[in-house]
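Chains as they are written, first to last, in the numbering used here: chain D, 1 to 97; chain X, 1 to 97.
Keep in mind the hints are simulated off the structure, nothing from the lab. All values derive from a computational prediction rather than experimental measurement. A few of these clues could be false.
Here are the computed lysine to any residue pairs in the SDA-like style, where the Cα-Cα straight-line distance is at most 25 Å [as the list claims (entries may be wrong)]: (1) D:K47 / X:R30; (2) X:K11 / D:H73; (3) D:K47 / X:A17; (4) X:K47 / D:S16; (5) X:K47 / D:A17; (6) D:K47 / X:K47; (7) X:K47 / D:H73; (8) X:K47 / D:G15; (9) X:K11 / D:A75; (10) D:K47 / X:E39; (11) D:K47 / X:G15; (12) X:K47 / X:L89.
2 protein chains.
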Amino acid sequence: MIRHTVAFRLKHPAGSADEVAFLAAAAMLRDIPGVQHFEQLRQVSLKNNFRFGFSMEFADQAAYDSYNVHPDHVAFVRDRWVPEVETFLEIDYVPFA
Amino acid sequence: MIRHTVAFRLKHPAGSADEVAFLAAAAMLRDIPGVQHFEQLRQVSLKNNFRFGFSMEFADQAAYDSYNVHPDHVAFVRDRWVPEVETFLEIDYVPFA
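Isolated chain D, as found in the complex:
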């Protein structure tokens, strides 16, 4: 299992309609084949500058690779992520054997 997470901050003002629209559009990521346990999260620690997070799990690297090149993911990154996200950090975890 690989848990793919990304913490991020949008360019949009907090609580704005643009923020709501971005998060609603991102919900379709859960429907891409291989995505398990998809979560949209609020980041609440005061020790970093991120405001949201997504978390999803893949059975293995092949499933993760397939997600990365899936047309729906590629389109989301191009059309929403790149223009609307101010800063982000990807952190991927695997359990200890």
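Once you have looked at the hints, place chain X on chain D.
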């Protein structure tokens, strides 16, 4: 629910006995009251410099606060975390309502 995560990198060489000892010592964090779903994880993304992660969940902020001031947590931070961790980032998530 609050999911408290910390991604980190140790001062110790990868695969060293000191690394193994640190992770073994940290396992006792799971026994502190209020800690749920404790995980020790390897960080595998090449897009950041962290090598490990811990993840745990608390039912609410009161449980999280109680953990933070618990003597076993305070001692772990003082005796192991501060001297042995090179860099870290705390990220805390709550689910969307």
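Item to check | Enumerated hints in conflict with the structure, sorted upward | outcome: Hints 2, 3, 4, 5, 8, 9 and 11 not satisfied by this model.
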